[in-house]
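Turn these sequences into a full structure, and let the hints steer you where they fit.
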Amino acid sequence: MSMEEALQTFFAESHELLQEMEDRLLAIPALAEEDRSETINAIFRAAHTIKGSAGLFGLDGIVEFTHVLESVLDKVRAGQLMMDADMVSLFLDCKDHVARLVELQESGATLSTDDQGKGNELVARLSVYLTDTPQAAVAPAGEASHPAPAHPTDSLALESLGGNVLDNDNWHISIEFGTDVLRNGMDPLSIFRYLGTMGHIVRVVSFFDRLPALSELDPESCYMSYVLNFHSEADKATIESAFEFVQEDCKINILPPHSRVADFVEAIKNLKQDDLRIGEMLVKSGTLTQRELDAVLAYQTAQEQGDSASQDPHKRPLGEMVVQAGIVQPEVVEAALHKQIQQKKAKSRQQQSIRVDAEKLDTLINLIGELVIAGAGVNIVAHRSGQTDMLEAASTLSRLVEEVRDSALNLRMVQIGETFNRFQRVVHDVAKDLGKEIELEITGGDTELDKTVVEKIGDPLTHLVRNSIDHGIEPADIRAARGKPAQGKVRLNAYHDSGSIIIEVQDDGGGLNRDKILAKAIEKGLVEPGIDLPDSEVYQLIFEAGFSTADKVSNISGRGVGMDVVRRNIEALRGNIEIDSQYMAGTTIRIRLPLTLAIIDGFQVKVGNAHYVIPLDMVIECVDLPEENINDGHDSNYFSLRGEVLPYMRLRESFEVTGETGKRESVVIVKYGNTRAGLVVDALLGEFQTVIKPLGKLFERLRGIGGSTILGTGEVALILDIPGLVQQMIRKSHHETSRASVKE
Amino acid sequence: MSSLVKVEQKGPAAAVALPEESQYLTFLLGGDMFAIGILNIKEIIEYGHLTSVPMMPEFIRGVINLRGRVVPVVDLRSRFGKPSSEVTKRTCIVIIEVQVEGSADEDPVTQDIGVIVDSVSEVLEIAAQDIEPPPAFGAHIRTDFIRGMGKVNGEFVIILSVENVLSVEEMAMLEKAAEVVAA
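Chains as they are written, first to last, in the working numbering: chain A, 5 to 748; chain B, 218 to 400.
Source of the hints: derived by calculation from the structure; they are not laboratory data.
From a predicted model like this one, the values you see are computed outputs, not experimental measurements.
Among these hints, one or two may not hold up.
Heads up, simulated SDA-like pairs for lysine to any residue below, C-alpha to C-alpha not over 25 Å straight-line [stated by the list, open to error]:
no., chain 1, residue 1, chain 2, residue 2
1, A, Lys736, B, Met390
2, A, Lys701, B, Ile262
3, A, Lys701, B, Glu314
4, B, Lys259, A, Thr717
5, A, Lys701, B, Pro271
6, A, Lys701, B, Glu380
7, A, Lys610, B, Gly265
Written out as structure tokens, the structure is:
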């Protein structure tokens, strides 16, 4: 790993950690006092890891800021400070600032004076907490000189219990660097330098015994081992974190001050090195005196003899040995073992996911798209050849291609939960700005959808959520008067429904005022007075550009995108948006989106000479056009489907296809949302895997055609945009009826 | 009128800039000889396998499959407001790369567009001094479609301004206009 790559990893990890920090911070207020420690620890760890990693890369700005943040967090962790709502907000601001610092580093930009001012202000606000309780003032790193650790952790306290405590108040760190450390972009020096920020390195002893003869020496390999005598107030985990990046290929041993002899034995055992040499190292580095070393060695020899005396064919684990020797209580060993297992589990979980460049994934999906087209071509040739074995082989192939396609598309699928969780912050901030109390409820976070869709849904959703809080949820006094709980509720929900994903933004606020919207629409000339519109269409009016019924403009919903942009964004994703509202009771905004943008199952039909594809998940059934409708005029465009009225449109007419109709016309019945409609076509050609090819800018205003695809024959077929067609049909009939009513 | 003025200004400037693009593909369209700078041309293919796209203005004849990509095809004759010519054995589709100006937050992208021509003739060198500014009228097509009049063997060929003839923005707008009329 080169330095540049390592840095990229740092940026990616920092963003993740900051996200985690935010999530946890937002979770704090809901937790009972006694349940917070785990969460606070996690927040502390996140800040700490960022600081540690930033230190490795010499990003001093980040280290300095996170250090102050960490100090305050440390006091919270130690129970000296209470985390209240103000502090959560402060920490959130700090998190934002760290994110900003990391971003600046990422883009190579320098800190603007604004950012600097912000940083200074935050540091000042943080410092208030640090000076409030003078007896526990946390010394800045690097200058620590207190004789005892300020906040001894439980494990450290336990470690110092019992046993032969050595007379030593410095940490003992032995590290044997792996040969690849330098190649991996890690410099032992920078690690020591970072260690220096946590305390004082009393002595460093270098060992060169791994150094080969000059002829065999590889200048890119690291052969060094060191033993450090380190004075610091930091706890073990903190010191350990300095070695985080090299942990894997290095042998590291960190012994706390006042360690027991047994610990040194363990250290010796773990390093599996020549006892004498380690002993020598310990003496040299000043950790042990010669007398103490003798004691350690004697202890070890005694242990070994004990081992052989018991004639146990299996060598007993060291832990057991130590327990039997009465040095450590069994619980401590158990705890240590438990921790080990947990760490292992966490590690295997980490390995289950791989970071992949999104571009590589796109290339794969594109190639699979081509494969699907080529597969369809093979199928056609096979059918034409009429050879049974060829047909069989082709069908096996296409089944496999289908599976490959599905799993490739699955790679792009991500859960919407992460996007939803971001709204905790949005709700928190907006609610605070407006002085409202809002609870955000998230359901269906595990619903999966295409990554591209997820990326593009963020902005429109933010707008809708802000709107719900600002315009939807009433101020507390009005809520009380209406008999609602003072705390408003916004709900985000996602679920799958007939090949689409539905995302709902729901609030229990005042609902839309139908009459007010209608009056405004009439005033704006969007609707002719006297026409009775169904509720759903009245609500759709709020998506018109420049449409607002708000009496006053607030900075919350004025920011960002307007409702017309929301609708446009959703439609660009081939989705649509519906509103359900009950005056005084709340509003539900329902966004319907396709699952994926790349490949769909299609149903191929023919009109005239042209082939069209209808997305299969919108097709309900196909029926023959009833006789009496075949040669009727254009007056009634509906027929009875098992007693229900089904409106239909002739694609031949809508698309102005000339030429004779076939003997028999078929109706494809499609469903979109709650609308069902029939499309009259000349011939039904069956299912077909469809790779969506965009039609390009030239056709972007075209409604009714959603894209194109290439058939196995190499011919281009157009994909019908059912929502577009259905809307067109509705608009057309409205137009005709309104024209008719005007004539009357 | 404004477009006319713009072209008159453009004429001499274009003539100065021309040396870098002195090779032109000439083709026949309804008996007239036209030329397009070869730098914009990607390839010339045989006419065929055209899929028409409904609800589009007449000059957008449809789309073709160009090795896995879907490329729109424009009928130049109807783009010039004349009846389209009959498809013959010599009818070709010339694939031209045009710049599409993205909206404010997008980078400009290129898009391939095919144009139908009656037959392609040859690639000619036309020196800058042999190119005259377009006539104010008399060419029977919109003046902003003409970049200049090239003199070849004592005859004029119309050098087309690809940006204007195949302006994606304009063509997409026309389609919208058609939709509004239909609605």
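Would you mind confirming whether the straight-line C-alpha gap from lysine 701 of chain A to glutamate 380 of chain B stays at or under 25 Å? Given that 25 Å is the threshold and the Cα spacing comes to 15 Å, the pair holds.
Between the alpha carbons of lysine 701 of chain A and proline 271 of chain B, is the straight-line distance 25 Å or under? 16 Å, holds
Straight-line alpha-carbon gap lysine 701 of chain A to isoleucine 262 of chain B, limit 25 Å: 23 Å, holds
Does methionine 390 of chain B lie within 25 Å of lysine 736 of chain A when you go C-alpha to C-alpha? 21 Å, holds
Proposed proximity, glycine 265 of chain B with lysine 610 of chain A (alpha carbon, max 25 Å): 19 Å, holds
Run the distance test for lysine 701 of chain A versus glutamate 314 of chain B: straight-line Cα separation, threshold 25 Å. 14 Å, holds
Taking 25 Å as the top limit, are the C-alpha atoms of lysine 259 of chain B and threonine 717 of chain A close enough? The hint holds at about 24 Å.
Against the hints set out earlier in the document, no violation occurs for any number.
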